[in-house]
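If you read the sequences in order, they're chains A and B.
The numbers in my numbering rise by one with no breaks, and the one at position 386 of the first sequence is 386.
The numbers in my numbering rise by one with no breaks, and the one at position 2 of the second sequence is 2.
Hints are computed from structural coordinates only; laboratory data are not their basis.
Note that the structure is a prediction, hence the values are computed from the model and not measured.
Each hint can be trusted.
Copies of the same chain look alike in the list, so a pair counts if it fits in one copy or across any two.
Below, a list of computed lysine-lysine pairs in the BS3-like style, where the Cα atoms sit at most 25 Å apart: (1) K59 / K377; (2) K59 / K381; (3) K9 / K193; (4) K136 / K366.
Here are the chains, one letter per residue:
2 protein chains.
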Amino acid sequence: MPPISEKGKQMPSSPIRKLVPFAEEARRKGRIIYHLNIGQPDIHTAPLAMKAVHASHPKVIEYSHSAGNESYRKKLAAWYNRWNYNITPENIMITTGGSEALTFTLMSCFNPGEEIIIPEPFYANYNSFAVAAGVKVVPVTSSFENNFALPAPSDIEKKISPKTRGILISNPNNPTGYLYSFEEMQQLKAIVKKYDLYLISDEVYREFCYDAVPFHSVMELKGVDENVILIDSVSKRYSACGLRIGALVTRNRMVIETAMKFAMARLSPPSLGQIAAEAMIDTPESYFKEVYHEYLERRNYIVNALNEIPGVKCLMPKGAFYTIARLPIDDCDAFCQWLLSDFEYHNQTVMLAPATGFYATPGLGKEEVRVAYVLKKEDLKKAVECLREALKIYPGRK
Amino acid sequence: MPPISEKGKQMPSSPIRKLVPFAEEARRKGRIIYHLNIGQPDIHTAPLAMKAVHASHPKVIEYSHSAGNESYRKKLAAWYNRWNYNITPENIMITTGGSEALTFTLMSCFNPGEEIIIPEPFYANYNSFAVAAGVKVVPVTSSFENNFALPAPSDIEKKISPKTRGILISNPNNPTGYLYSFEEMQQLKAIVKKYDLYLISDEVYREFCYDAVPFHSVMELKGVDENVILIDSVSKRYSACGLRIGALVTRNRMVIETAMKFAMARLSPPSLGQIAAEAMIDTPESYFKEVYHEYLERRNYIVNALNEIPGVKCLMPKGAFYTIARLPIDDCDAFCQWLLSDFEYHNQTVMLAPATGFYATPGLGKEEVRVAYVLKKEDLKKAVECLREALKIYPGRK
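Looking at chain A on its own, in the form it has when it is part of the complex:
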């Protein structure tokens, strides 16, 4: 048998993935599982998506332009310019999800062996995209105690080497729910300017910012036009994850032109998804308000409920739909597996994401789990009940 590639061997299998067989086994036993482990919301997709697709009768479902339909890019540029980002359709490449936008960015801007600095904990798939592109992830740790704020600029600068090419943030943050402040964005700007680095900002959760804390896009930063790259997606904004439509946005012409070479090789992003995505730009405010209030209520409920469980500490996140909870346990990987394999409460259990998968530094996050509040409140309630009961009897309780 011919060998598998080294990259293939190195591709991380995240802690959540290791739980999947245990979840399947639990389901086979008839167990009800509350999934707080995933980023797939139960929120209904913006209705204009299927309306546009239903109204579409193409004789031939053709390739689109490799950068995406021009009509869509024009509308999307106008959408960004509601916030005065000064984006042209030429600054935008429509991609197959935010995932592809990030892959194209890494491939276009980083040589194999070069380094990308990412505040940890971070979205676990960043590891996979980095391995695929041969890029080395250099974590800089943010802490539960400090609310998962951006690490001090001096801590970030300590991580910069001659091989550093860029910094990647997710804002609002997955998995912490942290929302970077104006000052933090300015700190990042100063660093990328000083060292001439790329600043890549994954802003797919930008619609979900709570408590009137303002969101600051990387596109607001002045004087670093050539440095900043925005990763966007319709997945969370309109609860349309399955469309696989994202965008790479940058005013750096060389980056867009280089990414275009990768884009042309794969021909085009999905045509039906683009029809839906373009139409959804006209989604009325009422949809976002409804969704926002739903998430807000869920967040308030779950954070308070988790903090009421003895020994549990949970921050009140300002963005996205995740929070990191600190639990009185020995090891989150063992605990999350035990929840599926050994535990049940009235034939129910809960699936959580072990936080170890979000840290690149070994040993960190062992007492933390990521909680995604993507279920309706009744289910969140039952999930919290399960967790409370589980922590009473978990053998590895501290």
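Starting from the known structure of chain A, arrange chain B on it as the hints suggest.
Below, chain B without anything else, positioned relative to chain A:
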């Protein structure tokens, strides 16, 4: 400005792409261009695609399984098994087009610096996928004189080095239209068995085989289960290029498991595309017959018409919807550009793909162009007229 990656610089810009600005300029001048340069057919998409999408009313457009919907994989396995390929749903990964299937294959099976042998001329984007994965393309030349048949096994073996990991073929072939025979497939099998290589077969044109010449899938080969990987797509089969649905099919469990790690990072293939693709499996024979006869008539027309132009030689291809024509010209890149920038016949011109882009060996293909017969016969007729007139006055005529 931070630097662009070396890969980004190396990503080939194919000769067709270099023609695009000239085509745009011609269009601005009001010129009618007959596009024989592209693989986007004008054939109507199998009607079950949009029918299924119109009948679909998802409340939430969710991520699918990273390997694609199980229902689709089951149906697709059954489809392959009409030819007794002995494929299970676990052997199949649904991908975002054949492009992604090939990218995942290269990433999973090849280390950077390792080599893939490809008979040239070959589909130009293979170069791009190879550069992205850091894989070195080693061409083995097939010739116009020999009908673009598979090079002799001894010629292929000469190209094998300790770094060789696999052989990639496209069957029926893009750009030559060549259809590999039973004997040629056996020769390839013997080589991959002898040297323990992967044999990757891109069979996206399998529905288009003419003159009762049988098609032989890589999946028919016995005793090399761990070596063979099939790249498939719905793009050409159902004329549904824009759906971006393909498949990676292999009985090698390690390859599928490794590819799954890359697939999980990008979450899922497009959901709407999968709905359409699954439904299209039930497309009645009448659709394929109609399309087949349309292509057959086009092929017969264009090959005969091209051969009637003085100095032009064109093979009668047995598959796909391309043929390579040899023209009495100095340089196909210059000629194809001249057609767009300088030539017009009754305000019309024709766009062709310079064959240089399909060869990895420098200097080859200079007198050849790829002709895609993806337009209706009236347009093919006008395109041939343009070419005939152009060759009368082209300054670089030999």
